[in-house]
Amino acid sequence: MFLLLCLIRQVSRYAPVGYIVTRMSVRDADFGINAMLRYDIIDRATVGKHFMIDTRGVISVASDLQQADGDHYDLLLVVSDMGIPSQSASAILTVNVVDTAWP
Numbered sequence: 001m002f003l004l005l006c007l008i009r010q011v012s013r014y015a016p017v018g019y020i021v022t023r024m025s026v027r028d029a030d031f032g033i034n035a036m037l038r039y040d041i042i043d044r045a046t047v048g049k050h051f052m053i054d055t056r057g058v059i060s061v062a063s064d065l066q067q068a069d070g071d072h073y074d075l076l077l078v079v080s081d082m083g084i085p086s087q088s089a090s091a092i093l094t095v096n097v098v099d100t101a102w103p
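Heads up, the sequence shown is in this note's numbering, so the first residue is 1 and it goes up one at a time.
Hints should not be assumed to be uniformly reliable.
[What the hints assert, rightly or not] Using 25 Å as the maximum straight-line C-alpha spacing, the simulated SDA-like pairs for lysine to any residue come out as follows:
1. Lys-49 x Met-24
2. Lys-49 x Tyr-14
3. Lys-49 x Val-79
4. Lys-49 x Gly-32
5. Lys-49 x Ser-60
6. Lys-49 x Val-21
7. Lys-49 x Asn-34
8. Lys-49 x Gly-83
9. Lys-49 x Arg-13
10. Lys-49 x His-72
11. Lys-49 x Ser-63
12. Lys-49 x Ala-89
13. Lys-49 x Ile-84
14. Lys-49 x Gly-70
15. Lys-49 x Arg-23
16. Lys-49 x Asn-96
17. Lys-49 x Asp-30
18. Lys-49 x Asp-28
19. Lys-49 x Ala-29
20. Lys-49 x Ser-80
21. Lys-49 x Leu-76
22. Lys-49 x Ser-12
23. Lys-49 x Ile-92
24. Lys-49 x Val-78
25. Lys-49 x Ile-33
26. Lys-49 x Asp-64
27. Lys-49 x Pro-85
28. Lys-49 x Ala-35
Note that these hints are calculated values from the structure, not bench results.
Model the full structure from these sequences, guided by the hints.
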């Protein structure tokens with residue numbers, strides 16, 4: 001249904017909570033409820049606790065990155081449709097937290 005993508009983004013350590021890192025752009029050829037998509041960050045409790053994904057596929061900063069325990073995060077993103085059977089695809093988003101001044 002979908003292809004595996006690898007994305008790399010940089011975000012300032014001083015970016016505020018809610019800052020948009022990127023957005024997954026996914027299209028499904030189905031219609032009706034089968035075309036509805038669900039977005040998830042897998043293993044969010046450990047790897048992705050500093051980032052969140054909303055119902056539109058927008059990935060944003062979820063916590064204070066100045067308190068982050070690292071400067072490199074590989075997030076496994078999964079999108080699934082509501083078809084029966086459900087089909088899904090995944091992408092790896094690498095987020096590099098950099099020490100650049102925030103505007």
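Sort out whether Ser-80 lies within 25 Å of Lys-49, counting only the CA atoms.
-> 21 Å, holds
Taking only the CA atoms, is the gap from Lys-49 to Ser-60 under or equal to 25 Å?
-> Satisfied, since the Cα-Cα distance of roughly 11 Å is no more than 25 Å.
Given hint Gly-32 paired with Lys-49 - CA-CA distance at most 25 Å | 32 Å, violated
For the pair we were handed, Lys-49 and Ser-12, check the Cα-Cα distance against 25 Å.
-> Roughly 16 Å between the alpha carbons, so the hint for Lys-49 and Ser-12 holds.
Between Lys-49 and Ser-63, is the straight-line Cα distance small enough, at 25 Å or below?
-> 7 Å, holds
Are the Cα atoms of Lys-49 and His-72 separated by 25 Å or less?
-> It holds: about 13 Å lies between the C-alpha atoms, which stays within 25 Å.
Hey, Lys-49 versus Val-79, does the alpha-carbon distance stay inside 25 Å?
-> 18 Å, holds
Compare the distance between the alpha carbons of Lys-49 and Asp-64 with 25 Å, and conclude whether the hinted pair is satisfied.
-> Within the cut-off at roughly 10 Å; holds.
Pair hint outcome, Lys-49 versus Arg-13 [Cα-Cα no greater than 25 Å] = 15 Å, holds
Is it true that the CA of Lys-49 sits at most 25 Å from the CA of Pro-85?
-> 30 Å, violated
Could you grab the alpha-carbon distance between Lys-49 and Ile-92 and see if it respects the 25 Å cut-off?
-> With a Cα-Cα distance of about 15 Å, the restraint between Lys-49 and Ile-92 holds, given a limit of 25 Å.
Sort out whether Ala-89 lies within 25 Å of Lys-49, counting only the CA atoms.
-> 21 Å, holds
In terms of the numbered hints stated before, the structure departs from hints 4, 7, 8, 13, 17, 18, 19, 25, 27, 28, listed from lowest to highest.
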